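Residue 56 in this note's numbering sits at position 56 of the sequence shown, and the numbers go up by one each step.
Some hints could be false.
As the list claims (entries may be wrong) - Think about it this way: if two alpha-carbon atoms lie no more than 30 Å apart in a straight line, the pair counts; the simulated DSSO-like pairs of lysine-lysine are:
no.	residue 1	residue 2
1	K46	K33
2	K46	K154
3	K33	K182
4	K36	K220
Please keep in mind that the hints were generated in silico from the structure rather than gathered at the bench.
For clarity, every value in this text was computed on a predicted model and none was experimentally measured.
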Amino acid sequence: MNFKEDSFMVAIALCVVFFVVAQALFFLVRAVKRAKELGIANQTIKNTIVSSSLFTIAPAIGIVATVLTLSAGLGYVLPWIRLTVIGNISYEVTAATNAVEAFGLAGGISQPIENKEVFATVAWVMTLGSIMPLILVPIFLKKVQSKMNKAVSKNSALSSVLSAAAFIGLISAFVARAIAGKGDAHIIGDGAGILSITALISSVILMLIMQKLAGLEKLKWLESFAMPFAMIGAMAIVMIMAQILPADVAFLEWRG
Numbered sequence: 001m002n003f004k005e006d007s008f009m010v011a012i013a014l015c016v017v018f019f020v021v022a023q024a025l026f027f028l029v030r031a032v033k034r035a036k037e038l039g040i041a042n043q044t045i046k047n048t049i050v051s052s053s054l055f056t057i058a059p060a061i062g063i064v065a066t067v068l069t070l071s072a073g074l075g076y077v078l079p080w081i082r083l084t085v086i087g088n089i090s091y092e093v094t095a096a097t098n099a100v101e102a103f104g105l106a107g108g109i110s111q112p113i114e115n116k117e118v119f120a121t122v123a124w125v126m127t128l129g130s131i132m133p134l135i136l137v138p139i140f141l142k143k144v145q146s147k148m149n150k151a152v153s154k155n156s157a158l159s160s161v162l163s164a165a166a167f168i169g170l171i172s173a174f175v176a177r178a179i180a181g182k183g184d185a186h187i188i189g190d191g192a193g194i195l196s197i198t199a200l201i202s203s204v205i206l207m208l209i210m211q212k213l214a215g216l217e218k219l220k221w222l223e224s225f226a227m228p229f230a231m232i233g234a235m236a237i238v239m240i241m242a243q244i245l246p247a248d249v250a251f252l253e254w255r256g
């Protein structure tokens with residue numbers, strides 16, 4: 001069997017998946033228990049769990065796409081392990097490609113990696129590169145939060161401003177990437193182009209429609225599902241556009 005997908009690698013992957021799922025269930029049970037202690041209605045708890053679960057569907061599709069992208073060179077097990085814990089297509093592909101090309105191998109991860117030394121190096125680079133945020137957050141989060149809480153206590157309106165600014169900054173990063181983001185030249189559709197603009201415009205229009213519908217008395221339940229539905233709908237539209245448009249138009253990228 002290929003060393004990238006042998007029983008040892010699969011066993012490691014299953015252990016990682018089990019740990020992540022167990023951790024999620026642990027915090028879910030604790031959260032439900034605490035919510036009941038606070039007197040939150042069961043229906044509210046149920047709606048929160050359902051909406052949160054649906055919200056993970058769209059990102060999960062992106063994760064599967066990343067695993068498939070990486071599997072050409074790394075097999076499916078290592079990307080499966082990586083994306084089960086942390087990572088995204090921009091970081092994972094860049095880290096893996098740079099590690100492979102450091103050995104003088106052209107084509108990055110578009111070609112199967114058969115050398116164990118190269119494979120191990122890629123795994124280490126991908127892993128070590130994503131450890132820093134996990135180290136910095138526990139060390140500095142409490143100090144940053146205390147400073148923010150002190151500032152908010154002096155000006156109650158500042159809390160809303162900071163939350164809005166953080167959200168706008170987050171959304172702006174995605175919007176900017178869709179319009180002018182530079183992608184990996186080896187990956188079709190990774191840079192800004194026709195499909196990214198289609199996804200951006202479609203998601204905005206669908207979100208506005210969902211919000212309008214959620215304003216109706218009989219469709220108030222739709223409010224919790226507006227964003228995941230809009231994301232999934234936009235992805236479906238992009239997939240359809242990629243099929244019906246000529247390839248030279250659909251995959252046109254000005255920042256590829």
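Do the hints match the structure? See the list:
1. Annotation: proposed proximity of K46 to K33 holds, straight-line Cα distance about 12 Å (limit 30 Å).
2. The straight-line distance between the Cα atoms of K46 and K154 is roughly 36 Å, outside the 30 Å bound, and the hint therefore fails.
3. With a C-alpha separation of about 45 Å, the suggested pairing of K33 with K182 is violated against the 30 Å cut-off.
4. Taken as a hint, the K36 and K220 pair is honoured in the structure, with Cα atoms around 24 Å apart against an allowance of 30 Å.
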